[in-house]
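**Q** Per the numbering used here, residue 1 is the first one in the sequence shown, and the count goes up by one each step.
For the record, the hints were derived by calculation from the structure and aren't laboratory data.
Because the structure is a prediction, the values reported are computed rather than measured.
Some clues are possibly wrong.
Subject to a maximum C-alpha distance of 30 Å in a straight line, what follows is the list of computed BS3-like cross-link-like pairs (lysine-lysine) [as the list claims (entries may be wrong)]:
1. K117 with K102
2. K50 with K102
3. K117 with K50
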Amino acid sequence: MIEVPNYISPQEYLAIERQSQIRHEYRRGLVYAMAGGTDNHERIAFNFLKVIDEHFGDSTDCRFHSGNVKVNYQDQFYYYPDAFVTCDPRDRQDRYLKRYPKLIAEVLSPSTIAFDKGEKFQDYQQIETLEEYVLISQEIQRVECRRRNSLGALLDFV
């Protein structure tokens, strides 16, 4: 027997997420519980945020966020990136949700690497303000940066 998934609206997802003890991501009507991260995953994300903080210094134009704030695009998806930066003043209106990130970083896990490099990357490409998508490996010393060029395409740099 084939199980048919139960689709929910973005509004239902947001209502459930506000009351949930665990975080969930939403993609086109489907909700996915987020697994707990490892200490290595957390340390890599924290170190990346420290570098971002040092880069921006006392600048008040841009703000960086950890994996506790959602990124959203036109109700198609709601993700919790490990780290992201937004410099758009429109993102200061909502404390829990950002729509105009400039940079998004994900720490790759064996269970999420295909999704982070595939569907999630495709979704993030729709965000016009996104200039860089950074993928940080936990398994080997490797950082991939997909940077938007003048034609709007996100190109790989390793």
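**Q** All hints are to be evaluated individually against the structure, with a verdict given for each.
**A** Taking the hints in turn, this is what the structure says about them:
no.	hint	verdict
1	K117 with K102	holds (18 Å)
2	K50 with K102	holds (17 Å)
3	K117 with K50	holds (24 Å)
The structure agrees with every numbered hint stated previously.
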